[in-house]
Each structure stands twice: as structure tokens, then as C-alpha cells.
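Given the coordinates of chain A, work out where chain B should sit on it, guided by the hints.
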Amino acid sequence: MFLRLATLLLAASATASAAGCDEAEQADTCERYVACVRAIDEREGRFTNLDRFDPGGACWGRDEQAHVCEQSCEAGLAWLAERIPDPPVECSP
Amino acid sequence: MKRAVPVVLALMFGVSAPSHAHRPGTGDREQDVGEPKISFAFYGELEDEDDLYVLHLDFDEGFALPFEILVPRRAKWEDHRPVFAIVGPGLPAPTQAELDLLPREVPAGAGVFFEPNDDAERELIFETFTRRVFWTSGPIAVALGEGEHEVWVFSPDGSTGDFVLGFGVEEDFSGVGCGDLTSDWATYAY
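Just so you know, the sequences run in chain order A and B. Mapping of the first sequence onto the numbering used here: position 48 corresponds to residue 48, and the numbering continues sequentially without gaps. Mapping of the second sequence onto the numbering used here: position 171 corresponds to residue 171, and the numbering continues sequentially without gaps.
There could be a bad hint or two in this list.
Some chain A residues near chain B, calculated using beta-carbon distances under 8 Å [as the list claims (entries may be wrong)]:
| # | residue |
| --- | --- |
| 1 | Tyr33 |
| 2 | Val37 |
| 3 | Arg46 |
| 4 | Leu50 |
| 5 | Cys59 |
| 6 | Gln65 |
| 7 | Gln71 |
| 8 | Cys73 |
| 9 | Ala75 |
| 10 | Gly76 |
| 11 | Arg83 |
Far from chain B, by Cβ distances over 10 Å, these chain A residues were calculated [as the list claims (entries may be wrong)]:
| # | residue |
| --- | --- |
| 12 | Glu23 |
| 13 | Ala24 |
| 14 | Gln26 |
| 15 | Glu31 |
| 16 | Ala81 |
| 17 | Ser92 |
If you're looking for bench data, these hints aren't it; they were derived computationally from the structure. Fair warning: this is a prediction, and the values are worked out from it, not measured in the lab. Note that the Cβ used here is the ideal one computed from N, Cα and C, for glycine as well.
Just chain A, same shape as in the assembly (with noise of 0.2 Å):
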């Protein structure tokens, strides 16, 4: 009895730690900043690693990461507009 208890609460715990685990989508805000970074590159001749930022990446494998990047996506695209000389288009705010 005590075998099937312990298996029991293991089993709930690990659906406790799995629920919240949905995939969030890529945040739009996300969608423009690799943009704008694509673009500085093709400009400037050189590559940014954006993996995390795409869909797919790692950003979205939960809601609070995937609010972290969301929010950290605007405020990168804001600097950026603000900082980078003749900014691209896809860098508009």
C-alpha cells in the first residue's frame, strides 16, 4: 500500500511539474527584433545568432521564459531604434 502511495505522489508530481509546460508561440515583438537584427547584419556584412528568439526556440518553452523574451525583444528593438546610426526599417518601433 505504501509502494502504490509513494508511485501515486510521484505521478502527481511530475504532472504538477509538466502542467505550465505548453509551448508559447514566438511573441511579435520577437518576430520584429530578429528582424531588425537580420537586417543589421545583411547591412554590416556579419551573423547574429538568433536560435532562441526564432519559433522554435529556446524562449518558448514556457510561459515565463516566453514572457522574459517577450519583454526583453521590445526593449532590445527600442535601444536598437534608438542607437544603431540610419536604423533599417525593420527596426522601426
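Frame of chain A; chain B shown alone:
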């Protein structure tokens, strides 16, 4: 049977232990951050107005990632406003106002991203790893160029107190044992 109880409790704790936190780090005022592409949280304390932390990050390719700086929500630190500057390739030249605040000379050819952490109302967050409430500067994505960077953490207005510098998204705790996670617990949880 009696021995099964602590085993079950240990297994339960293992299943529900936090698995989505930055790698924690503490330590010297100047240090290298191995694997900067993996999310990292550095816990430190600014002890006087000239205190400065320098983290060295070396990227093998251009890399964009979020950064933010946090202060534990305690009344004594309500006016504590640590800032950070990222210095390295792929960033724009600093403004004169930024140069006036920076604690060190910017190397030739390097650009700067500067987080002033000066929003009148700072957002509060609940950090799930330490289970504490923090004021945050707010996360911001910064695109860094390939090569060596430094992150400077300091307090231009001379405020003192604890801080946490967090950056990155990807997680990898494969090289971190339970001892590493808990050895500095007194620093994380207070």
C-alpha cells in the same frame, strides 16, 4: 519499509526541484564565465561606492541574449540602483553621458551597451529558484559581436547592497552537481 520514507521524499524533491533557472554563480570581483551561451545568474554585493564586478564573456559567434539586473526586495535596498555595462565588439560607441559614468576606460574599438536601471517604478518579479522577490531593471535583448566582452556591474550613485546579474535563455545543468547548486545557498537565499 521504514527506510522507504526518506527515499520517497528524496525522489519527490528530485522530481519537483527547480529545473528552469539560470546557472548560479558567485565569487571574485573579476572572473571568466565559462559557456556564456548558457543562462547564468551572478550573485554579488556592492560594498562601497567604488566597488566593481567584471565578468568576462567570450563568444565564438555573434550572439543575442537577454540581460537584466535584479535587487532583492528589502526596505534597506529600496534606493539601491546597481547598473551594468557590456563592453565589446558589435556594440555602438558610448555616449559622452555613458562615458562619464563608466568606471573604466573603454578599450579602443569596443562599443558599449549601458543599462542605467533608472525607471522610476521598478517591476517586481518572483524568482522561482531562490523563491524571492526582486526589483528588476527589466530584461533587454542585446546582440553581441563575436569575441571577448566584459560586463561591468557598479553603482554610479554609490548605493551599496546585493544584486543579481542574469543573462541568457538556454539551460544546461549537466555540469552542475547538487553540491554546486547548494554550496553557496546562503548567498542565494537569505
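May I ask you to test the interface hint for Arg83(A) with respect to chain B, counting a Cβ-Cβ separation under 8 Å as satisfied? holds (5 Å)
Interface restraint verdict for Ala75(A) against chain B (beta-carbon cut-off 8 Å): It holds, given that the least Cβ distance between Ala75(A) and chain B is near 4 Å, below 8 Å.
Over 10 Å from every CB of chain B: does Glu23(A) meet that, or does the non-interface label fail? Consistent with the label, Glu23(A) stays out of reach of chain B, its closest Cβ about 14 Å off (over 10 Å).
Beyond 10 Å from chain B, beta-carbon-wise, is Ala24(A)? holds (13 Å)
Can we keep the Arg46(A) interface hint, with Cβ of chain B closer than 8 Å? holds (6 Å)
Report holds or violated for the interface hint on Leu50(A), using the least CB-CB distance to chain B and a cut-off of 8 Å. holds (5 Å)
Can the hint on Gly76(A) be confirmed by a CB-to-CB distance to chain B that is less than 8 Å? Because about 3 Å separates Gly76(A) from the closest Cβ in chain B, which is inside the 8 Å limit, the hint holds.
Chain B contact restraint for Gln65(A) - C-beta distance below 8 Å: holds (7 Å)
Holds or violated: is there a CB of chain B closer than 8 Å to the CB of Gln71(A)? holds (5 Å)
Would you assess whether Glu31(A), listed as outside the interface, keeps its beta-carbon beyond 10 Å of every beta-carbon in chain B? Per Cβ check, Glu31(A) is outside 10 Å of chain B; nearest 13 Å; holds.
Regarding the hint that Cys73(A) lies at the interface with chain B, is the smallest CB-CB distance below 8 Å? Result: holds, 5 Å to nearest chain B Cβ.
Minimum beta-carbon distance criterion (8 Å), Tyr33(A) to chain B: holds (6 Å)
Consistency with the previously given hints is maintained throughout, with no hint failing.
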